[in-house]
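Protein chains in written order, with the numbering used here: chain A, 451 to 762; chain B, 78 to 316; chain C, 33 to 321.
What you were told as hints is all true, and nothing was included just to trick you.
Here are the in silico distance ranges between beta carbons for each label pair:
| no. | chain 1 | residue 1 | chain 2 | residue 2 | range |
| --- | --- | --- | --- | --- | --- |
| 1 | C | G189 | B | G167 | 13 to 21 angstroms |
| 2 | C | G189 | B | A192 | 30 to 38 angstroms |
| 3 | A | A620 | B | N113 | 40 to 48 angstroms |
| 4 | C | V98 | B | Q269 | 52 to 60 angstroms |
| 5 | B | T98 | A | A620 | 50 to 58 angstroms |
| 6 | A | T685 | C | G295 | 21 to 29 angstroms |
Non-contacting residues of chain A with respect to chain C, defined by C-beta distances greater than 10 angstroms in every case (computed):
| no. | residue |
| --- | --- |
| 7 | G469 |
| 8 | P475 |
| 9 | R480 |
| 10 | I490 |
| 11 | V536 |
| 12 | L540 |
| 13 | R599 |
| 14 | V613 |
| 15 | Q631 |
| 16 | A639 |
| 17 | S643 |
| 18 | R649 |
Treat the hints as calculated values from the structure; they're not laboratory data. The model shown is predicted, which means the values in this text are computed figures rather than measured ones. All residues carry an ideal CB built from backbone N, CA and C; glycine is no exception.
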Amino acid sequence: MTAARRERAWAIGILAGLGGLAFLPLVARRDDVLNFVFLILLSITLAQSWNIVAGYAGQVNLGHAAFFGLGALLARSLWIGGTPIVLAMLAGAALATSFALVIGAPAFRLRGAYFAIGTLALGEILRTTVGNVLPEISTLPTATIAGYRLAHRYYLALALAAVSVVTVAALAGSRAGLGMQAIREDEPAAEASGVGALRLKLTALALSTGLAGLAGGLFGYYHISYYPSHAFSPTWTFDALLMTFIGGVGTLHGPVLGAILYIVLKEYLAVRWVDFHLLIFGALFIAIVLLLPGGLVQAATRGRRLFARGEV
Amino acid sequence: MLELRDVDAAYGDIRVLSGVTLAVGTGEIVALLGPNGSGKTTLLTSIAGLLRPRGGTIRWEGEDLATVPAHLVVERGLALVPEGRRLFGGMTVEDNLELGAFAPRARRHRAEGFARVYALFPDLRERRRQLVRSLSGGQQQMVAVGRALMTNPRLLMLDEPSLGIAPRLVVSIFAALAEINRAGVGVFLVEQNVQAALTLAHRAYLLESGRIAGQGRAADLLHDPHVRRAYLGPLAVRT
Amino acid sequence: MNVLAQQLVLGLLIGGLYGLAAAGLSLVFGVMKVLDVAHGELIMLGGYGAFWLVALFGLDPFAALVLVIPLALVGGGLLYSGLFSFVVRADEETRVKNSLLIGFGLALALHALAVQLWTADERSIVTPYGGAVIMVGELAIPLVRLLSLLLAFLLIGGLHLLLARWRWGKAIRATAEDWQAALLTGIDVRRAYLLAFAIGTALAGAAGTLVSVGYSVSPSIGLEWTLKALIVVVLAGLGSMIGTFVGGLVLGVAEAASAAVFGGPYREVVGLVIFVVVLVVRPRGLFGK
Ligand SMILES: Nc1ncnc2c1ncn2[C@@H]1O[C@H](COP(=O)(O)OP(=O)(O)OP(=O)(O)O)[C@@H](O)[C@H]1O
Ligand SMILES: [Mg+2]
Chain A
451 MTAARRERAW AIGILAGLGG LAFLPLVARR DDVLNFVFLI LLSITLAQSW NIVAGYAGQV
511 NLGHAAFFGL GALLARSLWI GGTPIVLAML AGAALATSFA LVIGAPAFRL RGAYFAIGTL
571 ALGEILRTTV GNVLPEISTL PTATIAGYRL AHRYYLALAL AAVSVVTVAA LAGSRAGLGM
631 QAIREDEPAA EASGVGALRL KLTALALSTG LAGLAGGLFG YYHISYYPSH AFSPTWTFDA
691 LLMTFIGGVG TLHGPVLGAI LYIVLKEYLA VRWVDFHLLI FGALFIAIVL LLPGGLVQAA
751 TRGRRLFARG EV
Chain B
78 MLELRDVDAA YGDIRVLSGV TLAVGTGEIV ALLGPNGSGK TTLLTSIAGL LRPRGGTIRW
138 EGEDLATVPA HLVVERGLAL VPEGRRLFGG MTVEDNLELG AFAPRARRHR AEGFARVYAL
198 FPDLRERRRQ LVRSLSGGQQ QMVAVGRALM TNPRLLMLDE PSLGIAPRLV VSIFAALAEI
258 NRAGVGVFLV EQNVQAALTL AHRAYLLESG RIAGQGRAAD LLHDPHVRRA YLGPLAVRT
Chain C
33 MNVLAQQLVL GLLIGGLYGL AAAGLSLVFG VMKVLDVAHG ELIMLGGYGA FWLVALFGLD
93 PFAALVLVIP LALVGGGLLY SGLFSFVVRA DEETRVKNSL LIGFGLALAL HALAVQLWTA
153 DERSIVTPYG GAVIMVGELA IPLVRLLSLL LAFLLIGGLH LLLARWRWGK AIRATAEDWQ
213 AALLTGIDVR RAYLLAFAIG TALAGAAGTL VSVGYSVSPS IGLEWTLKAL IVVVLAGLGS
273 MIGTFVGGLV LGVAEAASAA VFGGPYREVV GLVIFVVVLV VRPRGLFGK
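Isolated chain A, as found in the complex:
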């Protein structure tokens, strides 16, 4: 099977799986199951959004949380003010993307590690500022809490995960997507062969932050109460990064597998080893990076090759 066909097969498989999950609220009567799957779906979107700019265009953005946070901030306040949630989320995404386009050109003057730490600082600027301006916890009005339906959040999350997968699938096969991968491999060479690097990197950033903004909006819609600066916390970036790398960066299915494994593992460890779960989790993560530098996806490929050669 060629790589492109395999990717398409994965896309269809993942979308079919998401389609199957549409029936879950009908079967599962327990909220904790829905909450758990919701978390996975939100993570898939977040990881996939980070994957666009890091995996395809090769730019390690450590300020991703800023865009998630902007989406959450605007969408939640518009929604609480009476705007329909989908519109509010789109507005949040628009804000995230606009911000990305404003900072994009100067940020992309930075290369490699410098881009990474520059964006990390940017994210921290927003987090601290939001923490200073909005120090109060944000809680939904009582009337809204009374009408809270988990299933609504769940379906939105499902739709968003599907959108993120379709976006990446469409991107991966497109001219723009190929150009981004050329930039990732060797930017000067890509430029020399006529790829407009800055424009493509901005496109990747716009798509990536738009999705992150949507995911943030969903987060703002889901939670009853949280500190506004929490949505800007660098943990969102690190989670996205960890999930993407555990799964396999720069592939369609890597972030999906990574998000599932990450959430399942984290929740399992949290229940099994209440006190030590983060410690074990960190150690496990390091082990994965060391032993499987290309993530699960690469491990699978390696396994398949060995199998094909009859060495297993």
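With chain A's structure known, arrange chains B and C with the ligands on it following the hints.
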């Protein structure tokens, strides 16, 4: 004695050297000539241990270098003056030379090393406290040769030492090479300046597209019509 | 006016620690091209290590440095051998990415470990002379913080001499400039990496000790200190430890000045904004090449 047998080398999927076989005898001066991109630098970095060949063997004084790490290749008496010099620009001339004598064997001969380098290149003694990046290209090349000499080599490999250097200084560097060789050190020289290289060398190999395309005594090659046409350019043919 | 001057003095005092924190990171980044985002966690561990030594053996915290530094040196060596030695096998681009990953994993694990061992509370080392203040005119200078600044300066000066004079110090600098050329001169580059990482960790341990005396530590200070160190590294560029120290002082003073102008809560923001602006204007750092 350096011996390469059927050496293959590649960067990723790009094959650069195919079945290269050659030898440099003790105390010999051998030149390696070839057009741009033919794989000369790749060959030298493979010998120095910076790049692992895909196939074939590289032997130095009978020992297979396949598993010898680069910093120990130096210790065994094989030194490379790399393409573009690759000096430590933020350090002084003296520090650069001193780093050449980093390995234990070289360190024992540190004082002689300094004496030898300063005798060959008196300019450097005066400038020993200067930062290397403030020197001219030719002076930097002297530091590069000096740094390699400080490792106390038995074979000195040089990758295009005349590149981007004023002709007057090229002459003094080549004179230094001849003198180094008189002390019994072998020289393996990659050069674009074919005239100068063939005048200095005893023997030469021609490398084309990663294969050995010819070899012979330097004096013969200097008068070989093919070599003159391909390597010395149209002007050389007319004269 | 006096309030402002007092603020600036305090900024200068903590700036020395910023410089010390950054020196370790700068060394590791400059030599290995590895971005260790767990550097702040190493500082945090150093702080708790000192705290322990003081509590268990009743040592003076400044004297505890004599133990903390060698312990951190060994710890750093182990950390390099166990984790980061795998990272430096890749080419530079991949190195940065992999080191980020390992750094995050490590930060997560160390943070969790610290919470387990020491709870999430803030702690600081109490000394009999902790409250002592030196008055210079109307300025009050806390004695322990002044001592910390002096020690930070001495440590940086020592590091500078080490890199300038010691054989392996020169080898480390050579490796930072061009590791392949370093190999060609017979330097065992992996050992240079090991040394650089161990020394970087020792500096983090020392910084942590000083932080726990004059200020306070808690398991979650890691990211904050990593960021401070990164800011200073970018301001000062790579290569000069004295420059890094000065960069730390500049950051401390700039933060204090901006806190005075914009109000305390914006202290961090202003530092970060300066950082981003410098980064964008001079993508390789103010003094970088
Ligand atoms: N690091 C690398 N990665 C990929 N390809 C490389 C690399 N270095 C060299 N090459 C390719 O290998 C071939 C041989 O290069 P090499 O530098 O060995 O040639 P050369 O004979 O030294 O050329 P020159 O005279 O220009 O110095 C060239 O086609 C070059 O493009
Ligand atoms: Mg070459």
